[in-house]
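Chain order of the listed sequences is A and B. Using my numbering, read the first sequence as starting at -11 and increasing by one per residue. Using my numbering, read the second sequence as starting at 7 and increasing by one per residue.
Mixed in with the good hints, there may be bad ones.
Said to hold, decoys possible - Dumping the calculated DSS-like pairs for lysine-lysine here, alpha-carbon to alpha-carbon at most 25 angstroms:
(1) Lys132(B) - Lys179(A)
(2) Lys314(B) - Lys161(B)
(3) Lys107(B) - Lys345(B)
(4) Lys132(B) - Lys115(B)
(5) Lys60(B) - Lys161(B)
(6) Lys314(B) - Lys179(A)
(7) Lys345(B) - Lys200(B)
(8) Lys132(A) - Lys200(B)
(9) Lys132(B) - Lys345(B)
As the list claims (entries may be wrong) - To list a few chain A residues with every Cβ distance to chain B over 10 angstroms, as calculated:
(10) Arg0
(11) Val54
(12) Ala133
(13) Pro147
(14) Arg158
(15) Asp198
(16) Leu307
(17) Ser317
(18) Arg318
The set of hints was computed from the structure by calculation and includes no laboratory data. Here a beta-carbon is modelled for each residue, glycine too, at the ideal position from N, C-alpha and C.
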Amino acid sequence: MNEPGHPRAPGRAIDMTHGAGGKAGEQLIGSIFRKHFSNPFLDQGDDGAALGEVAGRLVMTTDGHVVAPLFFPGGDIGRLAVAGTVNDLAVMGAVPRFLTASFILEEGFPIDDLERIVISMAATAREAGAQIVAGDTKVVERGKADGVFIALTGLGVAPDAVAPSGSKARPGDAILVSGTMGDHGVAILSKRENLDFETEIVSDCQPLADLAQAMFAVVPGIRVMRDPTRGGLAATLNEIAHQSGVGMALIEAEIPIDPGVAAACELLGLDPLNIANEGKLLAICSAEDAERLLDAMRRHPRGRRAAIIGRVVEDRALLVTMRTAFGGSRVVDWIAGEQLPRIC
Amino acid sequence: MKYVTEYRDAGLAKTVAGAIVREADAGRQYHFMEFCGGHTHAIFRYGVQDLMPKNVHFVHGPGCPVCVLPVNRIDDAVELAERHGVILCSYGDMMRVPGTKQRSLIRAKADGADIRLVYSTLDALKIARENPDRQVVFFAIGFETTTPPSAVALKMAKAEGLANFTLFCNHVLTPPAIGHILESPEVRELGVVKIDGFLGPSHVSSVIGSDPYAWFAEEFRKPVVIAGFEPLDVMQSTLMLIRQVNEGRHEVENEYTRVVTRQGNLKAQTLVAEVFELRQSFEWRGLGTVPYSALRIREAFAEFDAEKRFALTPKQAREVKSCECPSILRGVKKPTDCKLFGTTCTPENPIGSCMVSSEGACAAYWTYGRFRDGQPRVAEAAE
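Turn these sequences into a full structure, and let the hints guide you.
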C-alpha cells in the first residue's frame, strides 16, 4: 500500500474513521507512518515484522509517552519517545535495533502535527541506528486523550561482556554524569501554562546509544549505567543505592548545571537534582577506570560536559549525601509527591 | 546567578566560620531561634550546621506558613472544593497538608474536586476570567510576604468586577507570633526552650521593616538580627547574635541591608491596610489562639471574601495525637523527638504539616539532614 503518490489522508484533523479499520485509517498509515518510517521490515505490511535471526543477547524495553506540551524547545513527543526507548536499551549496553510504536490519537488532532511528530521519530530513530518495524494506531473520542500518546517497545542486542546493572555499585567506585542536569524538565516547565517566564533553556532530549557504546568500548566493565529521567539524578542515585546496598557521596561543585537551569530552579524553588533529563547518562565504574571513562565521554559530542561527581561509599542507611558547594553536607533525597506531571 | 552565588561562597563561609569559632565563648551554649522556615531550609540545604561550633544551636521556629495553618482551615478548604463545587486555587505546598482524617486537597482532587495548583494570585484571577460561570476561590496563606499579592488580587478583582472570584484569607502576622513564643511558659518560666536571640525574618521584614521587632528586643531582652535567606546571611547573622550576647546587648540589627529598611515597603503596607484588617484572634497550629495575629478582608471588599460568600460549616478538627508538630513549631521538641518521624511520617506520607512543606522543620531534617542521626561521614567520604 506504499505506492508512490498515495493520496493524502482526507481532512486536516484526525476523526473517528481513522481508527475504524477502514480505508481512512489505511490512508493515514500509508501517507504518514509508512512514508516516513519506511524500511524492509515495516514495508512487509504484515501484522507483525519478521526480523529474521539476531545474533547476541537480546535486550527489550517499553516506554509510554504523554508529555505536555507535545512540542517544546529542543524536541517533541516523537523525538522524546524514540530517545527514551533507545536510551533504556543503551544503558543496558545494547545496540538498539528495532522499535515498535503504538499511537493513541485524540479525535480532532491536527494531521500536520502528527506528521511533524512522525518525521521527528523517523529522524531520531535514524540517529540512533534503529528501525521502526511495526506500529498501531487507535483513535479515541475528543476529551478522552490529550492530542497524542505514544508507546514504544524497543529491542536491542548486547555483547556478553557488557552487563551493567543497578545492583553492581561497590564502595570506592566513581560516579560520572555525561553533562548538565535538569535541562529537559526545566525546558518543559518553561513552556507550560501558568509559568510564563522567558528562558532559552533547551531540552537535552537525544538518543544516547552511540555515547553509551563509546563508553563501553573503553570500559567494558562499567558497573552501572542509567539515564536519570523522571525524579532526576537524585532519584536515580537513590534507586541504585538501594539496589546495590551502598551509600553515595557527591560533591555539589562537580555536578554540571546550566546557569539558566540553575536560575529557573532558584526562581521556582526547585532542585535541579530532582529534575528530569532525557539526554544524559549516569555511569558508575571502578575508581581505576574513572579517568579513562571520563576522557572517552568528553571526547564524544554528546558528553562534552561529562564530570566525575562523587563516589560510592559504604553505608548501611543507603543514603545519598553531598558535600555542598557552601562547605556543609546534606542528604540528596528522592523527591516526595508529584513535582512535574507529564514531563515525558 | 548574580547576587545569589556571592552569598553561597565557600571561601567566605570559611572566613565567617573562623570568626564564629574565635568569638563564641567555649564556656557557654548559644541557642538562636530562626523564626522562618526559609532559614531552616537554608541551614539544612547548605549544611550550615557543619560550619558551626558545637555550642551554637539553631532552634527551629514556627515561620512556615503551611505548617502553622490549623487543621480546621484545611478542612474548610476541602469543604469549599467538595461541597460548594468551586474551583479552588492553591499554592503547591498546601496540596499535601493533611486535614482531619488525613484528608488533603490532593486527595480531594483525586476524588474529583476541581483544585488547581497556581504559582501566583494572578494565575487565580486568570482562571476566574476564563471560567465566568464557575466560582473561583484563591486559598490565600502566608505571612506578610504573600499578603501584598493577595491585596493586589482583590483590588484587581474589584476593579474588573470579577464577580466569580473570592479569596479565602488565612494571612498571618509574624511579630505577634514571636511575642507569643517569648511569653509562653516554656520560654519564660520553665526554661524548656532556651532562646538567646532571634534570626529575624528576611522576606517578611522587607515588607514590614525592622522596626516592628524593637519592642520585644527591649521587652524580652533578646537580640534580633534580621537575616537574609542565603547561607552566608545566616552565618553572618549568627556571628552578629553571638557578639550581642557576648556584649550583653539586645538590639535589633539588620544583616539583610541589601533589602530590608527600618520602615519596610510603605507602598505594600498601604496596599495591605487598604484591603485587610486585623482579626481579633486566629488559631495557629502549635501556638494555639494568638490575639491579633492574623488578617481578614475589610468590609469594603466583603463581596470577595470566601468566608462570607460560602456558608462554611463549623469544624471539629482532629489532629493525630502522637504527631509532635505543635511542640516542634514552638521549638519545645525536635523532629527526632517525634515517634512518627521517619517511621509512619515521611515526606511521601506526611502525617503532620511540618513534614509537608520544604520549610517545615521535619521535612528539612528528613530530606537534608537525616544522616546526622548516625555518623556524619559525608565530609570525609567526599574528599
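Against the structure, the hints come out as follows:
1. Lys132(B) - Lys179(A): holds, 17 angstroms
2. Lys314(B) - Lys161(B): holds, 17 angstroms
3. Lys107(B) - Lys345(B): The hint holds at about 19 angstroms.
4. Lys132(B) - Lys115(B): Between Lys132(B) and Lys115(B) the Cα gap is close to 20 angstroms, so the pair holds against 25 angstroms.
5. Lys60(B) - Lys161(B): violated, 50 angstroms
6. Lys314(B) - Lys179(A): violated, 37 angstroms
7. Lys345(B) - Lys200(B): holds, 23 angstroms
8. Lys132(A) - Lys200(B): Violated. Lys132(A) to Lys200(B) sits at ~59 angstroms, over the 25 angstroms cutoff.
9. Lys132(B) - Lys345(B): Violated, at roughly 44 angstroms.
10. Arg0: Answer for Arg0(A): holds, closest chain B Cβ roughly 26 angstroms.
11. Val54: holds, 18 angstroms
12. Ala133: Given that every Cβ of chain B is farther than 10 angstroms from that of Ala133(A), nearest at about 19 angstroms, it holds.
13. Pro147: holds, 34 angstroms
14. Arg158: holds, 14 angstroms
15. Asp198: holds, 32 angstroms
16. Leu307: violated, 5 angstroms
17. Ser317: violated, 4 angstroms
18. Arg318: violated, 4 angstroms
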